[in-house]
Amino acid sequence: MHLGFRAKVFIGIVAIVLINALLISLPIRSIVQQSLFREYQYRGQAIVSTLAIRSRDPVLSLDWLLLKEVIDGAIGSSTDLIYAFILDENERVLSHSFRDGFPSDLRNANPVSVSSPMRIQLLRADKEFIYDFAQVITIGGQKLGTARIGISKNRIDFAIREMMMTILMLTICSIAAAALIGAGFANQVTSRIKRLQKASEDVLAGNLDIRITGSKHQTCYDLTGCTDTSCPAYGDRLRRCWYIEGTRCFNCPEGKDADKKKWCTHCTVYRQLSGDEIQDLAESFEAMARSLSAHIHELSESRKAIALSEEKYRRIFETSMDMVFATDADGRFFDINQAGMRLLGYRTKEDMLNRIALRDIFCQPKEYEDIAAHLDTASFVKDREVCIRSAEGKTLTVLLSCSAQKSGDTITGCEGIVKDITERRNMEQQLLQADKLASLGQLSAGIAHEINNPLGLILGYSQLLLRSQPKDSQLYEDLKTIEKNTLSCKRIVQALLNFARKTETKMAEVDINQAIEQVVAVLDHQFSLSGIDIVLDIDPQLPPIIGDMEKLKQVFMNLVMNARQAISHEGRISIRTSAQNGRIVIAVADTGSGIDPAIRHKIFDPFFTTKPTGEGTGLGLSVSYGIVTEHGGDITVESVPGHGSCFTVLLPIPQPEVSRRIQP
Amino acid sequence: MSGSHRWMIAWAVVWASMFGIGGCMQSENVVSIDMNRREAVDTRNSTPAVTYAYLPQYAHSVSYERHHLLIAYLREKTGLNIKQVFPESFNEHMRMVSQGKIDISFTNPYVYVITAHRYGQKVFAQIVESSGKAAFRGQIICRKDNEAIRTLADCKGKRVIAVDLTSAGGFLYPMGHFFEHGIRQEDFAELSFSPGPGGKQEKVVLAVYSGQFDVGLIREGTLNVVADKIDIDQIRVLATSEWYPAWVYSTRPDVATDVIAKIRQALFELDEHHPEHRPILEKADFRKVIPADDRDMQPVWHLMKTLGIDLNG
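The listed protein sequences derive, respectively, from chains A and B. Going left to right, the first sequence walks through residues 1 to 664 as the working numbering numbers them. Going left to right, the second sequence walks through residues 665 to 977 as the working numbering numbers them.
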């Protein structure tokens, strides 16, 4: 069991008194015992010496009466004397104090001589111990006899014992007094400490409004008659002024707290009102709790403001459409917003944070190294266009702005924003393509329009000439060649006009599935002979659109033919239709050689072809693009070289009002 | 055993040792005796002895100290069992002479004259004082600072103390000196004698020194005896008497003559130049012993007669 403070103080005080008593009493006992013993020795010696001196003349004159009187006088001088007797120079007893004869053993029990004239001998007679003192009676160095006395050692012991009992009683009284005082003191101290403990527990429990010392009956303004109501200590009866900051004491310099405390200790108010250490502790603890309470209140307010601010910035962070991230010194992401997660293709933050580093998302390691080097020197990077790769392997074009967090010269982290500009870049490309094609279309239409008429004249005149020439003549053959090539030119011109939408379009309700099935019906048998399968995946719920059936069939025909040409031997062409987001999607995919990325942006250009000269006009895809855009749609292409390509035609599903407006 | 028990036992041992009953200061050699074995004390001296007494002008211890070597010498020299006895006073000395308890007396001539007259005492030797004379003197002393006494005449009306009525140096000789100067015993305001027993010469000096008496009568040499007790510079010797016979050895008439002869011979053989005799003579405070008879005592007779002293007391 652990002792309480009161018990410890009590035991401590008693132990101190006990130890002190012991430490003092032991030497005192020894000193007093020795002193008493010496005192008895001196006394015995004095008595026996006196006896020897006083008995000198009676011994010389053999005055028995006087000798007896001297002995009786010695016996009567002290109650401690048991006996006294005188021996002559021949050790014969001259006189003694015994009533019933002289104890013969005593005569030679303590021999002395002129050379050793004084001697003390402890004798034991039955149970009694006796100190026998012997003194030679001499005159001029001649031994006349011996004086002997006996003092009871038991009486010496009794005297010592009495003295020790007195010390013991005094010690016990001292211990009792110390115990009483210690108990009182311990009670007083522990009651105050308990109050402190209770207050401490209250503080631990969160109650900072504690009262240990209560209201102060005397305050600094009471003592000094101060009336400065602007002083924070004025009117405060719960705290001492030296625990209050910013007091306006007349004798304290304004300034730092350390100076104030130094001055306070010299202040008369402090000297008069400050208590003992426990009182000071209680008051300072009280003041500390109040100060703590005030600080906690301030802290709570600050925390709320910070929480609001943090929530605001977190919201901004999380709702940002751009990726916002933070990395550690090694470049690993430790925070990223939802936009970043989406951009990089991660479902949860746990999949990414502290696992993926900034360098991991770069398509080109060199780009990352350039940025890292720039961060190291300039500490920031602004709007750097880089290529990154998402978790799914999709490459993205982004603008990266970030700044490095440094501690000295060491980078401790990095924070930044990644803006996805892939769409914008694609749009820009498409716009560029569209502009290019539009320009080409206008140019081609102008040229075709101008060429079409001369071609008509050439064809007309060549056909007129043919009628007039015999069929087996050379001229007929030549004219036939002119007619044939003129017709070929006319087809090209017609295609150019179609591309430039200069041909007439017959808009009607078109069933895309039907158009596709008609195209496939024409090509299926021929393709199957070449080992190419056409796989249809048609959405039967596909709504109709408004368009030119023939032109759309031409588009599908061009796409399927292009797919056929991409497949060198055997393969598969998949055609899938579906309706998504108000648009009809027709995807034509092949298992052919794919498109070289270097030429992908040119495939819709007129007259661009990968076929040998004379085998293609290079107008198929450009005409198809023209038809689709004429229908308000779009064509996209995705291709993986060596694995095939997929052309996707997107055509808008007409809205009801639009349909009404188009209806004749 | 738990720690707390050990502590309690340790405390108990410490306190028991502190307040233990009994216990010697240190290890002491104890002699066991039987107090019940008793014997009767017989102080009778069964051995016959020649008794030798020194007139107790000084304390017994002084008398013993002065003469014990001499007695030892005599004992050895004569083969006699000589024993010194110590009368308490001059009167007792004379009474013991009369009772036959003193065989050899060493007295002043005054006492000898009285005992010779009264008890037939016979003088057979005389000492030669340390002054070299077979004579000595008395002295009249007072305090040095006693301005009232400058001359013998100033002693009139003063308180006077003498050694004994039978003292030679301490009464008879100084009184003879007073007589010669016309001062009588009745001229003193008071004449007292030193209280006995023993140490009578010293007591006179101490009485004057303490101021109890104005004038003291002592034999010459006494001041040296008390030099270790008082500051003798505070004592002034007012006057010194004429020379009178020194102390004498006498014997009772019934003591065997061969005994007397042996003792007298031994005394005469004492030689201050003899290395064994010198300490004896120095202790006894005389230089040698010479033959003497009643004729040598005449000055004392005359002085007694002059002073009107009745030999029959």
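To be clear, the hints were calculated from the coordinates, so they are not data collected in a lab. A hint or two may mislead.
Straight line, CA to CA, 20 Å or less: simulated SDA-like cross-link-like pairs of lysine to any residue [as the list claims (entries may be wrong)]:
id: 1; chain 1: A; residue 1: Lys143; chain 2: B; residue 2: Glu729
id: 2; chain 1: A; residue 1: Lys349; chain 2: A; residue 2: Asp322
id: 3; chain 1: A; residue 1: Lys484; chain 2: A; residue 2: Gln442
id: 4; chain 1: A; residue 1: Lys8; chain 2: A; residue 2: Glu277
id: 5; chain 1: A; residue 1: Lys312; chain 2: A; residue 2: Asp322
id: 6; chain 1: A; residue 1: Lys127; chain 2: B; residue 2: Lys741
id: 7; chain 1: B; residue 1: Lys926; chain 2: B; residue 2: Lys893
id: 8; chain 1: A; residue 1: Lys143; chain 2: B; residue 2: His845
id: 9; chain 1: A; residue 1: Lys143; chain 2: B; residue 2: Glu740
id: 10; chain 1: A; residue 1: Lys8; chain 2: A; residue 2: Ile24
id: 11; chain 1: A; residue 1: Lys127; chain 2: B; residue 2: Lys747
id: 12; chain 1: B; residue 1: Lys765; chain 2: A; residue 2: Leu62
id: 13; chain 1: B; residue 1: Lys741; chain 2: B; residue 2: Glu946
id: 14; chain 1: A; residue 1: Lys68; chain 2: B; residue 2: Asp706
id: 15; chain 1: B; residue 1: Lys747; chain 2: A; residue 2: Glu277
id: 16; chain 1: B; residue 1: Lys926; chain 2: B; residue 2: Glu740
id: 17; chain 1: A; residue 1: Lys419; chain 2: A; residue 2: Met341
id: 18; chain 1: B; residue 1: Lys952; chain 2: B; residue 2: His938
id: 19; chain 1: A; residue 1: Lys143; chain 2: B; residue 2: Ser725
id: 20; chain 1: B; residue 1: Lys747; chain 2: A; residue 2: Leu62
id: 21; chain 1: A; residue 1: Lys406; chain 2: A; residue 2: Leu457
id: 22; chain 1: A; residue 1: Lys68; chain 2: B; residue 2: Ser696
id: 23; chain 1: B; residue 1: Lys893; chain 2: A; residue 2: Arg54
id: 24; chain 1: A; residue 1: Lys194; chain 2: A; residue 2: Gly206
id: 25; chain 1: B; residue 1: Lys893; chain 2: A; residue 2: Ile53
id: 26; chain 1: A; residue 1: Lys143; chain 2: B; residue 2: Met699
id: 27; chain 1: A; residue 1: Lys143; chain 2: B; residue 2: Val726
Computed footprint of chain B on chain A; a stretch qualifies when at least three of its residues, placed anywhere within it, have a C-beta under 8 Å from a C-beta of chain B [claimed, not checked]:
id: 28; region: 56-70
id: 29; region: 96-106
id: 30; region: 133-145
With the C-beta cut set under 7 Å, the calculated list includes, among others, these residues of chain B facing chain A [claimed, not checked]:
id: 31; residue: Arg701
id: 32; residue: Ala704
id: 33; residue: His732
id: 34; residue: Ile735
id: 35; residue: Tyr783
id: 36; residue: Asp895
id: 37; residue: Asp960
All C-beta atoms in this analysis are idealised placements derived from N, C-alpha and C, irrespective of residue type, glycine included.
Inset, instruction - List, from low to high, the hint numbers that the structure doesn't satisfy. - result: Failing hints, ascending: 3, 6, 7, 8, 10, 11, 15, 21, 22, 26, 34, 35, 36 and 37.
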